[in-house]
Every structure is written in structure tokens, then in C-alpha cells.
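Enquirer: Chain by chain, the residues:
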Amino acid sequence: MITLESYLLISVFMFAIGVWIMIARKNVVAILLGIEMILNAAALNFVAYSKFVTNNLDGHIFALFIIVVAAAEAAVGLAIVIRFFQIKETIHIDEATQLRN
Amino acid sequence: MFLNTLFFLSTFLIFLSSISLVTTKNIMHSCIFLLGSLIGVAGLYVTLGADFVAATQIMVYVGGIVILMLFAVMLTGGKDFVSRAQALMGLIPAMGNKFSTFVGILTAAVLVISTSKLFINLRSAIPQNKMAATESTVNKIGKLLVTNHVLAFELSSVLLLGALIGAAIIARPKKIF
Numbered sequence: 002m003i004t005l006e007s008y009l010l011i012s013v014f015m016f017a018i019g020v021w022i023m024i025a026r027k028n029v030v031a032i033l034l035g036i037e038m039i040l041n042a043a044a045l046n047f048v049a050y051s052k053f054v055t056n057n058l059d060g061h062i063f064a065l066f067i068i069v070v071a072a073a074e075a076a077v078g079l080a081i082v083i084r085f086f087q088i089k090e091t092i093h094i095d096e097a098t099q100l101r102n
Numbered sequence: 006m007f008l009n010t011l012f013f014l015s016t017f018l019i020f021l022s023s024i025s026l027v028t029t030k031n032i033m034h035s036c037i038f039l040l041g042s043l044i045g046v047a048g049l050y051v052t053l054g055a056d057f058v059a060a061t062q063i064m065v066y067v068g069g070i071v072i073l074m075l076f077a078v079m080l081t082g083g084k085d086f087v088s089r090a091q092a093l094m095g096l097i098p099a100m101g102n103k104f105s106t107f108v109g110i111l112t113a114a115v116l117v118i119s120t121s122k123l124f125i126n127l128r129s130a131i132p133q134n135k136m137a138a139t140e141s142t143v144n145k146i147g148k149l150l151v152t153n154h155v156l157a158f159e160l161s162s163v164l165l166l167g168a169l170i171g172a173a174i175i176a177r178p179k180k181i182f
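The listed protein sequences derive, respectively, from chains S and R.
Start counting the first sequence at 2; every next residue gets the next number (our numbering).
Start counting the second sequence at 6; every next residue gets the next number (our numbering).
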């Protein structure tokens, strides 16, 4: 019925969507959305393997730490986006060509 | 039966929201579609018997990160709020020019094809045994967090403190240096 392969297929789909967003879109906030999708795909893989293969809770712990790291990354990334908008008055990714103004 | 229904509903929600997340024009709508996709992942966690991870996913992502993204979109809502100038042949408005769309789809396809070879021998390679799906995991996760994984737990608190201070310093107003 619902096997490990179905979860892995959903995870591959989410990962491909995240990579597609990160490459194709030009908005910095959209690129951060793609990173969130990729992190979710990884965490879903960990929990699926934890249920079907290893039979312990280490995958759950790892998914919790992935969520913590994603929260920290989103906070710092959005701070950088806001700072970049203060300096350049745009959030187009092609405008980000130098580290200091 | 309930788990099967929840699984298919969550999968449908993830597929629909992800496709809309890529192809929509407005970045605000993209944030809302990301929220739908994350709720679908939380439903998949429930079908996997991971109740604590599902609750944390909803609290942190839906209550925290998506709201933060919406605030960032509203704070930076200048002329790039709706990216009208970047349409692909008038069809998919948010996708940059033809070249970046082509490279993005090509990279995603190469990743899917190269990882799909893993699926061929998966069932015979891995013995599949199931945990009980209706058992609460909160007690065990709490014990594991303060015994086996206590170093990672403390390091994540330091990481969150550093991210808090770093975000406050980076996003400070322009006049105060």
C-alpha cells in the first residue's frame, strides 16, 4: 500500500521544484522559498526512513534539527534581503553584485 | 483507511501547491502556496506516525517562517512586487527569461533521472519493517533530546542565539552605524 517509495517520490518532486525555483526565479524571496522546499524534502526523507527502515527515532530528531536550522537560515536570509532592499531599492538577484556599498 | 485518505489528500495538496508556487506571478501568492505545501508535508508526517514533528512543522513553519516571509515581502514591496517584466513568452509570468527557465527545468530533470535509478532495487535492498503508527513519540523524543543528542540540542540553542543577534545587526536601520 503506502510504501517507502511513495514518500521518496514525493521528496524527489519537492526537491526538483526547489531547485527549479532557485535557478529560474529572479526574486530573492522566491529563492528563499525554494530553499525551504529543499529542506522540507530532506526532512521528509529522514522521517520516512526512520519509520520504514531503522525503527528508531533518530530520524525524527534529525528532522527537528533541520527545522531549527531552517528557522535560523530564514531569519538571517530575510534580514539580508531587507538590508539589500535598503541599499539597492530592489530585490532582483542580478543587482546583487558587490558585498559592500 | 484514515491514514490512506490523509496520505492522498496531503500528496494532492503538495503537488498542486508546488506547481502553483513555481508558476504564479505574485510573490505574495507564492508564500501562500508554500504554506499549503508545508501543511501537506505535516500531513505526511502524521501518516508516518511522527506526531511531534508534525506539530513542530506546523508551529514553526506555518506560524513562524511563512509569516516572516510575508513580512519581508511587504517590507520590500517596491516595484518588484509583481515581476511583470520577466515573462516567459507571455505564458508563465514569474519564470525569468527563456534561458533561465530552460536551465532550471533541465537541472531538475537531470536530478530526477539520476536519483530515479535508486528506486529500481530499493525494495529488495532494504528490509521494510514498520513501527506501530498509533504510538505517541513525544516522551521518547524528549528523553533522546536530553540524553543521546544533548550536544546537538545545546549547539542548536547557540545557533539560534547567533542567528537572532546576526539578524538584528544586519537589518538595523541605515542611520545607526
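Please keep in mind that the hints were generated in silico from the structure rather than gathered at the bench.
Mixed in with the good hints there might be a few duds.
Calculated pairs, DSSO-like style, for lysine-lysine (alpha carbon to alpha carbon, straight line, at most 27 Å) [claimed, not checked]:
hint : chain 1 : residue 1 : chain 2 : residue 2
1    : S       : LYS89     : R       : LYS148
2    : R       : LYS103    : S       : LYS27
3    : R       : LYS30     : S       : LYS27
4    : R       : LYS145    : S       : LYS89
5    : R       : LYS148    : R       : LYS30
If you're wondering where the values come from, they're calculated on a predicted model, not measured in any experiment.
Enquirer: Confirm or reject each hint.
Expert: Here's how the hints hold up against the structure:
1. S:LYS89 - R:LYS148: The hint is violated at about 48 Å.
2. R:LYS103 - S:LYS27: 13 Å, holds
3. R:LYS30 - S:LYS27: Distance of about 12 Å is within 27 Å: holds.
4. R:LYS145 - S:LYS89: This hinted pair is violated, its Cα atoms lying about 49 Å apart.
5. R:LYS148 - R:LYS30: 46 Å, violated
Consistency with the previously given hints fails for numbers 1, 4 and 5, ordered from lowest to highest.
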